[in-house]
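If you follow the hints, you should be able to join the two separate chains into one complex; please do so.
Okay, here's what each chain looks like letter by letter:
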Amino acid sequence: MFRNLTYTASAAAGLAMTSAPAMAQTLDEKVNEMFANSTGWFVNFIFSPFPGTTFPWIVMWLVVAATVFTIYFGFIQFRAFAHSISLVKGDYSDPNDAGEVSHFQALATALSGTVGLGNIAGVAVAVGIGGPGATFWMILAGLMGMASKFTECTLGVKYRNEYEDGTVSGGPMYYLTKGFAERGVPGGKILAVMFSIFCILGAFGGGNMFQANQAHAQISGVVGDYPGWITGIVFACVVFAVIVGGLKSIAKVTEKVVPFMGVMYVLAALVILLMNADKIGWAFGQIFNGAFTGAGVAGGMVGALIQGFKRAAFSNEAGVGSAAIAHSAVRTKEPITEGFVSLLEPFIDTVVICTMTALVIIITGQLIQDPNTGLYLLDEGGATIQTIDGNKGVALTSAAFSSAFGWFKYVLAIAVILFAFSTMISWSYYGLKAWTYLFGEGHTKELVFKIIFCVFVVIGAAANLGPVIDFSDAAIFAMAVVNIFGLYFLMPIVKAELESYMSRLKSGEIKKYA
Amino acid sequence: MSGKIVVGYDGSEASNRALDFAVERAKSQGGSVMIAHVLEWSAYSFLTPTELEERHKRRNEELARAKEALMDPTVARLADSGVAVETSIKYGHIANTLANICKESDASQIVIGRDGETSLGSRVFGSVASTLAQAAPVPCTIVP
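One line per chain: the protein sequences are C and A, in this order. Quick note on numbering that gives the first Met the number 0: the first sequence kicks off at 0 and runs consecutively. Quick note on numbering that gives the first Met the number 0: the second sequence kicks off at 0 and runs consecutively.
The following block holds chain A by itself, in its conformation from the complex (with noise of 0.2 Å):
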């Protein structure tokens, strides 16, 4: 077992308790942590055909925007934690692709957020925090 523990992470009051949570944990393990952020995609949404030409390009600024404003500061952050942090940014959706980070990654567990709000949308569509407690690879911990 590799000691690394996924975070689902979007700079949210809940994800941050997440992560600090398991470099907690990681602290007292000895193992690494892995900051996944997910842009929501699907490969079965509609485009105009402007947006077609300009896909690469704006997936370009999405990237380099998550790493500046998300990533960057977070791991500097964390850089005197005394943790090893690697992060990942990825596209697609975003419970499915969390799994399948843990799965790429060899990670021995996931931790993410919820912001404990039982709203109707969550209630019909389901949250990332219930779909992952149901299909995530590895043990989940969902911090609240």
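Chain C with its partners taken away, still in its complex shape (with noise of 0.2 Å):
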């Protein structure tokens, strides 16, 4: 979800380093040798590419994964989509359980955690290195994708820890251990002791810091740069209204301002698209071509593939084991029904909203081609495609809608800033559960975490910490490797549960109420 847009982010951030204090300088540049140091070993592990060849082992990983748990299911997402769908609209929910957390909620929530910078920046660094081509690798990667998210989301369901009060917790900690312990399978305490480690430096870095400094690198793009920890420490006040204070009226508007954005940033882009109705055929041309050729593209075919693989498993976030624990709440007899639901979330995460931003920036000429061979000319590096503006990242995308909007630069800074935000609030969420997990829940444990994760909101806004960040993405990518590891014990579990299911479904055991 975040990788990709990190020298976006470092550049953003170097700019507010100029303005910033001295002390916080010396207080960076301190974390940053320390960081650097200490964890460049594990940075470089999980992002190093295959012997020979640029293709990071991590994307192989998830692409992997979500290749066999396409086929292990047999094709599920395309087979249970319409299914999905009625559960979603709530055709399936006992009218008796209303005021319990519906499917719709818990989706809702997911998205929100998912949806972000991922899906506007990010796709503008693919397609900007990778041309139009790395649309169509990015929408395979997010179709098998759906599978990955159905199998962890209903072992989330599953193996989730309801507590007397009526509280509950899930995800992958719990499956890791319930669900190895069920098949006998010994180590599941290990893997996810490892993957509640993993999950709180994810939730302190790219779902923190990370999210707090593209924020701040938008408000300063549009009201003029200033210093960064002033930013940060406003995000952390609300922050911690929020999450320490329990204000839940900023969290409400938030809840219902962010799908609002989300809607109206796709049909501002199906606005352009239409305006634009005779160059789509065109664009997807575009994007058949470079998926099979590159166009040009600085790697060929291969860097457009690995561009939108990358893209699409960092934006959804499908395998690394997030989603599981924020659908864990939902109100079901049923686990696999959450699964199903779950399995939208990489559609409309990826295949919709990321496939808009790429659509728009191929629609409105935002790359430079060579007129006569059709090629993508790159810059001097010889890495990214000409822009019209040298733009890269957010500023791409923001060019590309206001070529057709002038205003729109406006509306997507407070889309950027709303995004981090809800993002910043799921991953307080899903970094406390890890935390809890490890250290036993207790209310002074739970404010320490709320207190270090707000100070973490400033450093993230006010610093460049390039190697912290790099860290912390590696940590969100290294939760994937533990939770996909154990997928792979327990999807025998999932499969189980999908046969009785649809066996119960078809003889109408399982009815609709509406």
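Check each hint, because a few of them may be wrong.
[Stated by the list, open to error] Cβ-to-Cβ under 8 Å is the rule here; a few derived chain C residues that face chain A:
| no. | residue |
| --- | --- |
| 1 | Asp90 |
| 2 | Ser92 |
| 3 | Gly98 |
| 4 | Ser101 |
| 5 | Gln104 |
| 6 | Ala105 |
| 7 | Ala107 |
| 8 | Asp164 |
| 9 | Pro258 |
| 10 | Ala325 |
| 11 | Ala328 |
| 12 | Asp378 |
| 13 | Ser425 |
| 14 | Tyr428 |
[To be verified] No farther apart than 27 Å at their CA atoms in a straight line, the calculated lysine-lysine pairs in the BS3-like style are these:
| no. | chain 1 | residue 1 | chain 2 | residue 2 |
| --- | --- | --- | --- | --- |
| 15 | A | Lys56 | C | Lys449 |
| 16 | C | Lys247 | A | Lys66 |
| 17 | A | Lys102 | C | Lys510 |
| 18 | C | Lys444 | A | Lys56 |
| 19 | C | Lys332 | A | Lys56 |
| 20 | C | Lys88 | C | Lys494 |
| 21 | C | Lys251 | A | Lys56 |
| 22 | C | Lys494 | C | Lys177 |
| 23 | C | Lys511 | A | Lys102 |
[Stated by the list, open to error] Anything over 12 Å on all C-beta distances counts as not near chain A; from chain C, calculated:
| no. | residue |
| --- | --- |
| 24 | Glu32 |
| 25 | Pro55 |
| 26 | Thr69 |
| 27 | Ala81 |
| 28 | Val221 |
| 29 | Pro226 |
| 30 | His326 |
| 31 | Ser402 |
| 32 | Lys408 |
| 33 | Leu437 |
| 34 | Thr443 |
Simulated from the structure, these hints should not be mistaken for lab results. Where a beta carbon is used, it is the ideal one built from N, C-alpha and C, also for glycine.
Following this line, the structure appears as structure tokens:
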């Protein structure tokens, strides 16, 4: 979800640093140095390419898993798609359960954690490097990722903890321990502890510092440059009010505005596509052509493929395990139903929203082509495609949308800030769940985590912490290493659930209420 | 016809007037009264992860509070009225859920109060009373 953007983040934060206080700068340098020395090996390991290629093995790990789950569950993402939508609509919900968490609510909350900067800025990075062809591979990887989500979220609900007071806790740490014990496989506890550690680190980094950093970059892009710690403190206060003060009103406003922003973003993209309806055929031609030829991008077809796969994997978090935490609170007697619902998540995040961003960038002609050969022209470094104003990352998306509607850059800035905020709230919860798994529940223990979380908001907005962000991104993908390893052992349990449910659905034992 | 009268009840002045009206009718016709309280709820609202986690607990608390603070005192008050009283507490869209309660309990009519306000809000969004007047599956009495 975050890694591709690191260089834009670093660049933006670098600008902010020039005006930040000297004290923060020395602190920043110290932290950078400390992290780079002690964690560099870990980052390099997670993002290292296969020997002789530029293809990071972690991306292959996610894509192979998605393919295995897709085949093992017989293309469940296509077979169950219509049923998933019925479940979200509430057709199978018992009216007497009204007032409990609905499928729709679980999905909406999980989505607000994944839809974010990856969909706006990350896609621009992918298309800027991999060309339009990257879109094809991104969509393919998004479709495959639906099966990973299905697997992990079913397990998340099946093995959640339900406490006497009625609250629930779920996620990979619970299914790794309980599921492994049930299958008689040792090591579940160790995996769960590893997952929790990576989840906490990922929550502080990608789920927090990076978001604060990009939000500040957006605000200063609109109102002019000013010190990042100001943004940081404002954000930290708001986050503090929500997660420590329990100030629901802010969270409620965000939770209402974020989906609205998401819908508005897609609608704006659709309007731009309609305005350029004559070019849609051409744009898809570019996508298919680029997918298999590369159309002049660095690395050719493989370059496009890597960028597309990376973007999808990092945007929808399928296989990372975070969604299993968010989805586990739903009220259902059948864990598999939440698996069905969750498979819509990569579809909405990647196949719909990311594709919209890519299409708008392509169709508004941001990428410069050689008029004679039709190949994309590369800039001086030879790595990225030339764009009209030399824009990259979120600036490229902003330019593409603004070419149709001049005012859209302000809407986009607000969207980025809100998406960043909702992602932070979601990850503060994921991190907290991992934290309480390790250290136990308790008011003081939870408060410690929440305060550390808020401190990291300020650090993230104020400083240029390239190595720290690299490390926390690596931690998020390390979550996927542990989680998917576990999923391979637990997928027969999901299969048994699936077969039982499908036969009862067919026989009419599971019936519609609406 | 069962002679059961459903009363939409939220403890307000208007709903108490409706309840008194219904009890009088039940007395004279020999029917019973069902006091129905609906907690406004949409399955399509947006919640934070923490709210999701605590939802089941909160729901139990809300139901208990509605029973203790609203239903129990009212049922006690009607104990001497000589009319059989049932209660129902549900979540959902208020008017639609009241309509469903009528259907499920096989009621013969529904009585609700209105506060008589013609505020802009209720003009734009409609009120429970006017929605039920349109949508109730049984005869609907609106007590002013």
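Going down the list of hints, with the structure as the test:
With a least beta-carbon distance of about 11 Å to chain A, the hint placing Asp90(C) at the interface is violated under the 8 Å criterion. A hinted interface residue such as Ser92(C) counts as satisfied when its beta carbon comes closer than 8 Å to some beta carbon of chain A; here the least separation is about 7 Å, so the hint holds. A cut of 8 Å between beta carbons decides the hint on Gly98(C): the least distance to chain A is about 3 Å, and the hint holds. Using the Cβ-Cβ criterion of 8 Å, the hint placing Ser101(C) at the interface with chain A is satisfied: the shortest such distance is roughly 4 Å.
Proximity of Gln104(C) to chain A holds as hinted, the smallest CB-CB distance being about 5 Å (cut-off 8 Å). For Ala105(C), the interface hint holds, since its Cβ comes within 8 Å of a Cβ in chain A; the closest pair sits about 6 Å apart. At a threshold of 8 Å, the smallest CB-CB gap from Ala107(C) to chain A is about 5 Å, leaving the interface hint in force. At its closest, the beta carbon of Asp164(C) sits 5 Å from a beta carbon of chain A; the interface hint therefore holds under the 8 Å criterion.
The closest approach between the C-beta of Pro258(C) and any C-beta of chain A is roughly 6 Å, which is under the 8 Å cut-off, so the hint is satisfied. At its closest, the beta carbon of Ala325(C) sits 6 Å from a beta carbon of chain A; the interface hint therefore holds under the 8 Å criterion. About 4 Å separates the beta-carbon of Ala328(C) from the nearest beta-carbon of chain A, less than 8 Å, and the hint is met. A cut of 8 Å between beta carbons decides the hint on Asp378(C): the least distance to chain A is about 41 Å, and the hint is violated.
Of the supplied interface hints, the one on Ser425(C) holds, with its beta-carbon coming within about 6 Å of a beta-carbon of chain A, less than 8 Å. Interface hint at Tyr428(C): satisfied, since its Cβ lies 4 Å from the closest Cβ of chain A, which is below the 8 Å cut-off. Taking the CA atoms of Lys56(A) and Lys449(C), the gap is near 22 Å; set against the 27 Å cutoff, the hint holds. With a CA separation close to 25 Å, the supplied pair Lys247(C) and Lys66(A) stays within the 27 Å bound.
Simply put, Lys102(A) and Lys510(C) have alpha-carbon atoms about 20 Å apart, close enough for the 27 Å limit, and the pair holds. Restraint check: the Cα-Cα separation between Lys444(C) and Lys56(A) comes to about 22 Å, which is no more than 27 Å; the hinted pair holds. Only pairs whose Cα atoms come within 27 Å are accepted, and Lys332(C) paired with Lys56(A) is accepted, the gap being roughly 17 Å. Distance check on the hinted pair: Lys88(C) and Lys494(C) sit about 24 Å apart at the alpha-carbon level, within 27 Å; holds.
With a C-alpha separation of about 19 Å, the suggested pair Lys251(C) and Lys56(A) falls inside the 27 Å cut-off, and the hint holds. The hinted pair formed by Lys494(C) and Lys177(C) meets the criterion: a straight-line CA distance of about 17 Å does not exceed 27 Å. Using a Cα cut-off of 27 Å, the hinted pair Lys511(C) and Lys102(A) holds, with the two alpha carbons roughly 18 Å apart. Distance check for Glu32(C) against chain A: the nearest CB is about 35 Å away, which clears 12 Å, and the non-interface claim stands.
Once the 12 Å rule is applied to beta carbons, Pro55(C) is consistent with being away from chain A; the minimum gap is 30 Å. Here Thr69(C) stays apart from chain A, with its beta-carbon at least about 28 Å from theirs, past the 12 Å limit. Every Cβ of chain A is farther than 12 Å from the Cβ of Ala81(C); the closest lies at roughly 19 Å, confirming the non-interface assignment. Listed as a non-interface residue, Val221(C) keeps its Cβ farther than 12 Å from every Cβ of chain A; the least gap is roughly 26 Å.
With a minimum CB-CB distance of about 30 Å to chain A, Pro226(C) clears the 12 Å threshold, and the non-interface call stands. A beta-carbon of chain A is positioned within 12 Å of the beta-carbon of His326(C); the least distance is around 9 Å. Every beta carbon of chain A lies more than 12 Å from that of Ser402(C), the smallest distance being close to 32 Å; the non-interface claim holds. Under the 12 Å C-beta cut-off, the non-interface status given to Lys408(C) relative to chain A holds; the minimum distance is some 26 Å.
Look at Leu437(C): its CB is around 18 Å from the nearest CB on chain A, clear of 12 Å, so calling it non-interface holds up. Listed as outside the interface, Thr443(C) is consistent with that label: its C-beta sits roughly 18 Å from the nearest C-beta of chain A, beyond the 12 Å cut-off.
Checked against the numbered hints given earlier, this structure breaks hints 1, 12, 30; the rest are met.
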